[in-house]
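Chemist: Sequence:
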Amino acid sequence: MDLLLVSQLLTDPYAVKILVATVRAPRCAQDISKQHGIPIAACYRRIKDLERFGLISCTEKRLNQQGKRVCYYISMVKTAQIYFEEGRLKVKFEMKDGSMRLNNGSWKEIELEKRDAPMDVDDDLEEDGKNDDQ
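Using the working numbering, you'd call the opening residue of the sequence shown number 1076 and step up by one each time.
Careful, some of the hints might be misleading.
[As the list claims (entries may be wrong)] Keeping only pairs whose Cα atoms sit at most 20 Å apart, straight-line, the calculated SDA-like set for lysine to any residue is: (1) K1165 <-> L1079; (2) K1165 <-> R1127; (3) K1171 <-> A1155; (4) K1109 <-> N1139; (5) K1092 <-> I1149; (6) K1167 <-> N1179; (7) K1123 <-> T1134; (8) K1109 <-> V1095; (9) K1092 <-> A1104; (10) K1153 <-> E1169; (11) K1165 <-> T1086; (12) K1109 <-> R1137; (13) K1153 <-> C1133; (14) K1171 <-> E1126; (15) K1092 <-> K1123; (16) K1123 <-> K1136; (17) K1153 <-> T1134; (18) K1165 <-> V1091; (19) K1092 <-> I1115; (20) K1143 <-> Y1119; (21) K1153 <-> N1178; (22) K1123 <-> K1143.
Simulated from the structure, these hints should not be mistaken for laboratory data. Note that the structure is predicted; figures quoted are calculated from it, not measured.
Modelling step: build the complete structure from the supplied sequences, incorporating the hints.
Modeler: Written out as structure tokens, the structure is:
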């Protein structure tokens, strides 16, 4: 598990909103996007990242009015902690099924990656309708 990405994901406002929105009941990306003011593309990217790390899961697929199958996601996380101890980054999860996940990593082992998500600054620029490139 990439500790830097997980820690960024857990501190990303959009990812946190998605986790909170899906704690009690399954929700689709479109509903989460509308209810929490998350641009739809950013919402799908965060959902993909959260799913990749097993923090949310598609529990069911429903047909929408256009006949397309839409995933409804639920959070799998009961608690999450990020902390630094004795030179190591630690991420601890308690999952809803009662299992625990503890991941340790040395700061020296973490390579910074340039990637679109999480914490994509362009998402905020798109939302505001402003872009420095224009």
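Chemist: Are the hints correct? Go through all of them and say.
Modeler: Checked hints:
no.: 1; hint: K1165 <-> L1079; result: holds (10 Å)
no.: 2; hint: K1165 <-> R1127; result: holds (19 Å)
no.: 3; hint: K1171 <-> A1155; result: holds (11 Å)
no.: 4; hint: K1109 <-> N1139; result: holds (16 Å)
no.: 5; hint: K1092 <-> I1149; result: holds (12 Å)
no.: 6; hint: K1167 <-> N1179; result: holds (9 Å)
no.: 7; hint: K1123 <-> T1134; result: holds (14 Å)
no.: 8; hint: K1109 <-> V1095; result: holds (14 Å)
no.: 9; hint: K1092 <-> A1104; result: holds (12 Å)
no.: 10; hint: K1153 <-> E1169; result: holds (5 Å)
no.: 11; hint: K1165 <-> T1086; result: holds (14 Å)
no.: 12; hint: K1109 <-> R1137; result: holds (18 Å)
no.: 13; hint: K1153 <-> C1133; result: holds (17 Å)
no.: 14; hint: K1171 <-> E1126; result: holds (15 Å)
no.: 15; hint: K1092 <-> K1123; result: holds (14 Å)
no.: 16; hint: K1123 <-> K1136; result: holds (16 Å)
no.: 17; hint: K1153 <-> T1134; result: holds (17 Å)
no.: 18; hint: K1165 <-> V1091; result: holds (19 Å)
no.: 19; hint: K1092 <-> I1115; result: holds (13 Å)
no.: 20; hint: K1143 <-> Y1119; result: holds (16 Å)
no.: 21; hint: K1153 <-> N1178; result: holds (16 Å)
no.: 22; hint: K1123 <-> K1143; result: holds (19 Å)
Going through the hint list in order, the structure satisfies each hint without exception.
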